[in-house]
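Below are the chains, spelled out letter by letter.
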Amino acid sequence: MTQQTINSALMVRDITRSLPLAGEQLPILHGISFALKQGDSLAITGPSGSGKSTLLGILAGLDTPNSGEVWLAGQNIARLNENQLASFRNRHIGMVFQSFNLIPTLTALENVELPLFAQAKQRNTRQRAQELLTLVGLADRLHHLPSQLSGGQQQRVAIARALINQPDLLIADEPTGNLDSVTGNAILALFERLQAELNLSVIIATHDPHVARRADQRLHIIDGRLAEVQQ
Amino acid sequence: MTRFVVLLRYAVRSLRRDATRSFLAILSITVGVLSLVSMQLFSTNLLFGPLFDDRLQIGGDAQIKPVEFGQSFSPEELARFAQWQAEGLLSDYAPLSYTSAGFLRTPDNGRVSFVSGVRGIDPSRYPLLGNLRLREPAQATIAELLAEPSAALITRELADERGLGLGDTIVMNGSQGPTSFSVRGILKETPDHRGDGVYVNLAGAERLMGPNPVNAVVVIWPDQASALQQIEPLGYQIDLVRTPEQRSEESETYRILDVMFKGAGVMGLLVGGMSVASTLQVMLQRRKQEVAILKTLGFQRRDLLALICLETGLLGLIGGLLGTAIGTWITYMLFELLMSGGMIMLTWSPHPQVLLGGVLVGVLTAITFGIQAILALSNTRPISILRDLPSPPSKGDRIGQVGLYALLMLVCASVISLILGSWIDGIGLVLVGGLALMLLRGLFWLVLWCCLRLPQPFSPILRIAQSSLRKRIHSASLAVIALCVGTYAVSLAVSVIGDAQSTLAESQRSNEGYNLLIFTDLANESAAYAALQAQQSHEIITIDAVSATLQGSKVELEGRALVDLNHDISVSTTWDEQGVLMPEQRAEEYQIGDWIELVIDDQPLDLQVAGFYTSDPEQSILPTSDALIIPRQLARQYDPQIRLLAMFDAAVLDATTTQLGQSLPEALVFSRADLNARSSSSYAAIHRFAISLGGLAFLTGAVLIANSAGLNALQRRREIGILKAVGYGRRQVQVLLLSEYALLGTIAGIFGVIGVVVTVFGLRTLMQIDTITVQPALLSVLLVGSILIAVCSAALVLWESSRLRPLEIFRHES
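Those sequence lines, one after another, are chains A and B. Residue numbers for the first sequence follow the working numbering, beginning at 1 and rising by one. Residue numbers for the second sequence follow the working numbering, beginning at 1 and rising by one.
If you're looking for bench data, these hints aren't it; they were derived computationally from the structure. Computed from a predicted structure; not experimentally measured. Accuracy of the hints is not assured; some may be wrong.
[As the list claims (entries may be wrong)] To give an idea of the interface, some chain A residues facing chain B are shown, with a C-beta separation under 8 Å as derived from the structure:
(1) 86
(2) 106
(3) 114
(4) 115
(5) 117
(6) 125
[As the list claims (entries may be wrong)] So the derived label-pair ranges between C-beta atoms look like this:
(7) B:13 <-> A:213: 37 to 43 Å
(8) A:147 <-> B:336: 44 to 50 Å
(9) A:140 <-> B:799: 39 to 45 Å
(10) B:333 <-> A:82: 49 to 55 Å
(11) B:471 <-> A:49: 25 to 31 Å
Backbone N, C-alpha and C fix where the C-beta goes; we use that ideal spot for every residue, glycine too.
Next up, chain B with everything else stripped away, as it sits in the complex (with noise of 0.2 Å):
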């Protein structure tokens, strides 16, 4: 126990000593770990969580509509659901009612937030599969709290954005205008994980969409065959979980995805284990001395590979707690950055299988990256203590090193495996990572070695670096290897990054136009029109609009006056306010003149096409696309709901919209600067990811450059010693050192912009992806940003090497 605890204390304190180099090692296993567990706790939160599940998503084995879109199913043929329950054709079945709600506010606040979904249900089915289950209250059932019509259950992210609790009224936009809720319960979980929706139940809907809302049923049956046998002649539409076939078409989608984040997350880590293997050569390489003196005093080899293993594996240990901590942080806040979009409601689930297997895989990283310099050191000849004899590997040692690097790479892709569930990708990623970093090397290599071929430069310090790199062309390719995947991990970040940002862009309108919307209803539309007046709107545009159907499908009216058009939308004919405007696209369809039959409340409305409309999406926040434009005073006659679109400056649009949303409680208002906030909040998240990780991956080619750097200061100090003693100065002997690594930064550099122009191009060609491009200036600043790096990094080890006086360096050696 004693010979453990000073052992221990020993193994503690030399790594104390070389704090620095330490750090270095622990940042490079971090780095690794790091990416390995966030990789695979993203993937397995994500990918292969509720989101992605076909029945969960649906709510049962398959959602049946009514036979035309947009309409809802009348309560007879709900009737024939509970029959065929009945007769064993289902086994279970739940009315849903998809309402179009897509707004809320409560009455304090006249800021509106985005719901993806109002759904009405009935509490005593629903849900088929998954759960529906509160934060608080606690012990309540659904059933209890959405007894009344104007109940509702909202998920928390929506409670907690909006600062939501219980007893709080929400207003939400229905077909009929504004409609006051009272929040009843908050929701932890949902069946289908989608957050910021709010649950009403049929009575609820029907006081948002009116009468008949029920638009879908769920439904899970014993016998697909024979249920779709009696359905599908009655003509409804049926979303049905995919066959095994279609799944396993996508699941394959979904597995590439899979393995390309566990692949990026297994080449991390190699990354981070070449980072390790040379620091740990410099590391190593300083306590020669020691060792020798070890086995002077008795310790065979077996002792002094249980003693460097035990430091390396603290090393390892404290790296791969940090990474797995960080890592599980990371993973933890892209979620969190996923969720405050409101859009997924996911619980976050570190699974202690990746934790466990984290730690472990840095303490084997850093022994297996290690084992080489490990070896090298405790083959050190005692004799080495009196005199610096050479000690080159005998034919044994050459075997056993090959078969301790197999068993470890055995034991490592075990590891590996474990945390990624299954030996097939565990094994093959690490031989798939490994043989890719072995043909990078010789692929470095090869290139190295022919720039090292090219004519000797005339500046003699150049000749050196030159004859100098010719003898480190092995660990010189290693460092190059590192930069090169750190450039290529920015270069490609940045590239997506603006494919993300040019989408965004193209997504987001200007703030120009209609920039500003009130939902309202008849008995708030003058107070609704005056607090505009009253705001200096330059434009004011009042809209009808009223539910109907046409030919069996549901379509939206929108009632206009003749001065209200020609803003947003252009008429190409002359409508005096008799008969009805038709979109453009459906003039294949109508001639002017034709006569339709509207059906509006179950009444029959007949009205001629007076002609034809087109509009500018950029012109207005709702842009009209597909409406049916009737006159307003006709409008009028079917409660209508009102929207107004108004006009402001953007520099005042925001405030505007707040003012008016609090003059305004019956009302929902909001803004375009509202919805492009919206649609930019999902890509801020993906810009962090990519950022951080690009990031990462620069750092440890950095790493990687300042470890080769800090082992040839080591190795060259008595050529340094030299260089001085004969006359060159602190300067030369920098610039002698630094261009070989200008030389490396440059290699790099270019190799990882090739690859990104390889990379944008096959997403270009192969995946259609058009907006995906690299820009030249960019490039450019990545390479000279390469070569920055490499200097930089270099300069940072190499200043104090330079600077030692030659006595110091002859003293130390002799």
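If we strip away everything but chain A, and leave its shape as in the complex, we get (with noise of 0.2 Å):
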């Protein structure tokens, strides 16, 4: 583990990627390096097709690299299986999607607990979600169901759910690509809000120059190869 590692919330070496088809190999990622400061946003941007959503994959631990390395809180997750990855998820990671990706049959406040419930042991559940809840704005929406949330309350939910294990970096995919522009800088200020309060390390993957500009540092991908990288 380098010095460069300890120091960084997350460290991404030479990365490569590539998915079958045909037969064959097709590659999607070319070997990409790059670190995140503990307390710092990163915006990932590129067309369609460049293998942003392959790289957010990979840094959320959904996906594996076929090689090169991930550090996170001080493991290398690239070497994580199926069952470490799904814990390392739960303790590590918080994520937030375009399309709020909550269950329709919970409630607001269970959609928030949920997470922990993946835990071996549970304590205060409840209160904790009460509280995220309240920290994003949704005191009074409780025991609603999605559908009958907005699209920004639902957007809230899905933060609280993914602040609910104290991550060490939240990662969002394209997280007001649903919404409108006033709810979206809405959701992206309360971004910089949990960001500055937590100290939270957050990762954006978006298509929106003006939402790109707000992060402390900005990747550009094109065809699986980091094009630009911007502080």
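Two chains, two frames, some hints: make the complex.
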């Protein structure tokens, strides 16, 4: 483990990823490397098919690279098996999606509690979930089902859910993509507030240059390669 | 605890969200469990119940009857039994009188009930085996209640059917004419579990039968060989409880029947399980995104397995409870139907082991048959939340899957063994059933494969359908099996019902001819005759019935007037009311002019054979078959029982019977319609049972087809979207999808019908059941029905998909 790895919240080194297609391997990512400091934000941009989502999946521990290393919370997650990755995601990573991905049959409170139930022991789950929903401004919507909430409110529930396990890294895939500009701005402001208050590291994948400009760092990917890195 | 509650709530809400499919899955499990539970309960209660217990039916180790058929034991002979008991040759014995009474009425209700036996017993000795238990009065003893000759005990079936209570008077037909008894007790259990029975004491039997009414003695002996050594030389007829070899030979027949019942139940369960498998495939396929979310949040595969198994188990639990409840209810109703004939009096026993097992089987069936879908879903990769990447199972996954299948099948077989009460039966039936399903699947895969290799149809829509079915040949074969089983079950049920109906039709005679009978005595003869005339009967024949003995055998004498010949019987010679007319079957034994010696009331009577007669059973409600016909004035000397045969129009027969019964309280009046109704009631239960089982199988087939179509529609939403985007209309899409199911329905129908033809052929040749037939018209209807069921079930679930706008489909997929 190098000094840079220790100082960074996230350290990505030379990762590659290819997918099988018609009996051959189709390369998606070519030797991507970068680092993110604790409490910083990073925007990943790039056109469709550039490998943005594949990179995000690897960073979130949803997928594993063919080669390279991904260091987070002192562990190379590229070497973890499926169960270890699930446990790691639960404790260290929070994810927010463009389409919110809430469980439609659970209330806002139950959706936020849900990650805690993946752990062997749970304490004060309800209280913590209520606190987080209050933090994101939904104290009066605890027992509403997702279908009873607006898009912005659903995204706030998704953010509260992502924060329930006090993650080291919050990853958001086009978090404002399904929202109007006013609500989108409010969500981005919430991200910035949480980043500052909780000293969170945040990675946002986006097509929107306005969203990207608000991040501390920006990575632009074209054809699976880092085309530009901006501080 | 909070975790479990939230996950349980999540499971319940998910099931409610997909209510239609949850209902279908529950229905499938219900059908499966129902078939297993009902077959098992039916088999346990009936086949292995007291009705087939040899000793209970005989009433002891043996039943000893007089030397000549129809004779009675003399008091001296009965004293021998007491002596044999004193000598230790017999452990116990009980004299019995099987009376000839077969009809019963009450004075205030003119209609008769048919009774299977009026038995004279010695209450201090009877029964040697089993119980004679009272429903009311509960505290009294049988001996107390049967203290008087006019006392009678009736079974609860008879009491409930006739609304009889304690103290009511009943009239029964004895050899001396109608005889009245007073109901002193109502029985809730008899040793042989026959219903519609009446018990009187031996003095009561004498009132019905005349002197010396004991015509059988049931015995229990400590040593059969030595008892037989002493009793057999006396020439008595001895009905023995069958030897172990005879019993095992017969019990093998019952065992085959039992295994057939249970096998049908397990097959029903397996077919229901297949339906669950396809329903869960559809249900869980829709939850892929949710599982990806849960995985993203850190849930591991075991958590998800537990969660999905909880959902599936809930479905199984509900289906198991419903199936057990409905199965128990169906079997109970079937019992009630069997009881309603009044011939059997069994106590319904639901067997907790079967009920508990039924619920457990429901849960395990859901999980076992859902495991493929459960594993596929729990294997969903979390990355699929971002992009739809293929996730083929690894070699380890496949081995684990096979192991899990084996384990669950073992558990399932264990529970079925628990229900069936035999490990060999349980495991054997699951294995044989599973193997049969695999073979069927292989067969239908091959048939589909061949059909789909036929030259391509000219219609482009049909070409696309053909190509689509080629890709789904595995799932399609499953649906074909279910529908085929459904078609087969219904076809066979209809054929069996047809057989039962034709047997019934043969047993039922027309209501024409001498269609009404009055049993009465000399004192009431004139009143009965006048009543018949008042009702404007077309014809009346008077018969004076007397019992006699001919060469030691009991025979019935019918006293007739010359004018009453050549109506219901034909006499070949001239009879001038001298001598006796013999039935034609005695023509080899006797010749005209022979003298015979009859014994009536211990008095000899010599008569000369004057001729022979033949009878036409269609002509009379009570055909004369082996009676000897003597001059009526002669019969009158022996206090005969009077029988009046009358002829009425069929249309007024029922009303006339009632009116005559009411106007003649001392007589027993019944018609051919009454006899026919009694014989048809026993078939009705079998009809309903066969129809319900066939219908259930057909319904399961429809559910499977609907599921298969639903899964297909879900998987082909994109294809439907593309077709619509390039210009296909709603109707064309529907034709494309439904033509696939029409093909499946045709194959299933053809094979179902072939199965029935083969089965019927087997029944006709191997079991010599010649009455069972398959009607080509019926087969055509069932074939068309199978196609319609397939198309309609598919149309039901595909309707919505075919109406979707392409944009909605693509937007949903993005």
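Against the structure, the hints:
1. 86: It holds, given that the least Cβ distance between residue 86 (chain A) and chain B is near 5 Å, below 8 Å.
2. 106: 6 Å, holds
3. 114: 6 Å, holds
4. 115: 4 Å, holds
5. 117: Result: holds, 4 Å to nearest chain B Cβ.
6. 125: Because about 6 Å separates residue 125 (chain A) from the closest Cβ in chain B, which is inside the 8 Å limit, the hint holds.
7. B:13 <-> A:213: 37 to 43 Å: 42 Å, holds
8. A:147 <-> B:336: 44 to 50 Å: At roughly 49 Å between Cβ atoms, residue 336 (chain B) and residue 147 (chain A) fall inside 44 to 50 Å, so the hint holds.
9. A:140 <-> B:799: 39 to 45 Å: Since residue 140 (chain A) and residue 799 (chain B) have Cβ atoms about 41 Å apart, the given range 39 to 45 Å holds.
10. B:333 <-> A:82: 49 to 55 Å: 53 Å, holds
11. B:471 <-> A:49: 25 to 31 Å: 28 Å, holds
When held up to the earlier numbered hints, the structure conflicts with none and fits them all.
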